[in-house]
Amino acid sequence: MKSKLYYFAALAVVSTLSSCVDPNATSGQGKGAGGLGPLIFLPLMILVFWLFFIRPQAKKAKNQKSFVEGLQKGDKIVTIAGIHGTINKVNEDGTINLEVSPGSYIKIEKTAISMEWTNQLNKAGTTAEKK
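So for the sequence shown, the working numbering puts the first residue at 478; every next one is plus one.
Simulated from the structure, these hints should not be mistaken for laboratory data.
A hint or two may mislead.
[As the list claims (entries may be wrong)] Below, simulated DSBU-like cross-link-like pairs (lysine-lysine); rule was C-alpha separation at most 30 Å, straight line:
no.: 1; residue 1: K536; residue 2: K600
no.: 2; residue 1: K587; residue 2: K553
no.: 3; residue 1: K584; residue 2: K537
no.: 4; residue 1: K539; residue 2: K584
no.: 5; residue 1: K584; residue 2: K536
no.: 6; residue 1: K600; residue 2: K553
no.: 7; residue 1: K587; residue 2: K542
no.: 8; residue 1: K550; residue 2: K536
no.: 9; residue 1: K587; residue 2: K536
no.: 10; residue 1: K537; residue 2: K587
no.: 11; residue 1: K553; residue 2: K539
no.: 12; residue 1: K553; residue 2: K536
no.: 13; residue 1: K600; residue 2: K584
no.: 14; residue 1: K550; residue 2: K600
no.: 15; residue 1: K600; residue 2: K587
no.: 16; residue 1: K553; residue 2: K584
no.: 17; residue 1: K537; residue 2: K600
no.: 18; residue 1: K537; residue 2: K553
no.: 19; residue 1: K553; residue 2: K566
no.: 20; residue 1: K542; residue 2: K566
no.: 21; residue 1: K584; residue 2: K542
no.: 22; residue 1: K566; residue 2: K537
no.: 23; residue 1: K550; residue 2: K566
no.: 24; residue 1: K553; residue 2: K542
no.: 25; residue 1: K587; residue 2: K550
no.: 26; residue 1: K584; residue 2: K566
In this text the structure is predicted, and so the values were computed from the model without any measurement.
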């Protein structure tokens, strides 16, 4: 999905920039590429970039922040490096103690927790328990 949006945005930028150039103009002579066409497309391009790139990233960052703040002892998580474990202790300095196997603990940053993989792990765990 992202690749289609990327190509659409790139095509729109190229078409906007190509409309600014007068192919009949010779170097140093002729009239400049005037008109309101480029001025209309510039705000449109800004809107497209905001809708498809900036807004989704901000929403994802907000969800990740609320997810990290809601972590507590006993939660099963997966780090961005793929380490599975259970939270043993949430520290005040932005780190957690993660139990990776019984009696084996590592200290990691809260920002190193993958929200997507953790949700998949917990979703798979709840469906297995229901069976």
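Going down the list of hints, with the structure as the test:
{"no.": "1", "hint": "K536 - K600", "verdict": "holds, 22 Å"}
{"no.": "2", "hint": "K587 - K553", "verdict": "holds, 13 Å"}
{"no.": "3", "hint": "K584 - K537", "verdict": "holds, 25 Å"}
{"no.": "4", "hint": "K539 - K584", "verdict": "holds, 24 Å"}
{"no.": "5", "hint": "K584 - K536", "verdict": "holds, 28 Å"}
{"no.": "6", "hint": "K600 - K553", "verdict": "holds, 11 Å"}
{"no.": "7", "hint": "K587 - K542", "verdict": "holds, 10 Å"}
{"no.": "8", "hint": "K550 - K536", "verdict": "holds, 26 Å"}
{"no.": "9", "hint": "K587 - K536", "verdict": "holds, 19 Å"}
{"no.": "10", "hint": "K537 - K587", "verdict": "holds, 16 Å"}
{"no.": "11", "hint": "K553 - K539", "verdict": "holds, 21 Å"}
{"no.": "12", "hint": "K553 - K536", "verdict": "holds, 24 Å"}
{"no.": "13", "hint": "K600 - K584", "verdict": "holds, 25 Å"}
{"no.": "14", "hint": "K550 - K600", "verdict": "holds, 18 Å"}
{"no.": "15", "hint": "K600 - K587", "verdict": "holds, 21 Å"}
{"no.": "16", "hint": "K553 - K584", "verdict": "holds, 15 Å"}
{"no.": "17", "hint": "K537 - K600", "verdict": "holds, 19 Å"}
{"no.": "18", "hint": "K537 - K553", "verdict": "holds, 21 Å"}
{"no.": "19", "hint": "K553 - K566", "verdict": "holds, 12 Å"}
{"no.": "20", "hint": "K542 - K566", "verdict": "holds, 18 Å"}
{"no.": "21", "hint": "K584 - K542", "verdict": "holds, 19 Å"}
{"no.": "22", "hint": "K566 - K537", "verdict": "holds, 26 Å"}
{"no.": "23", "hint": "K550 - K566", "verdict": "holds, 6 Å"}
{"no.": "24", "hint": "K553 - K542", "verdict": "holds, 17 Å"}
{"no.": "25", "hint": "K587 - K550", "verdict": "holds, 13 Å"}
{"no.": "26", "hint": "K584 - K566", "verdict": "holds, 9 Å"}
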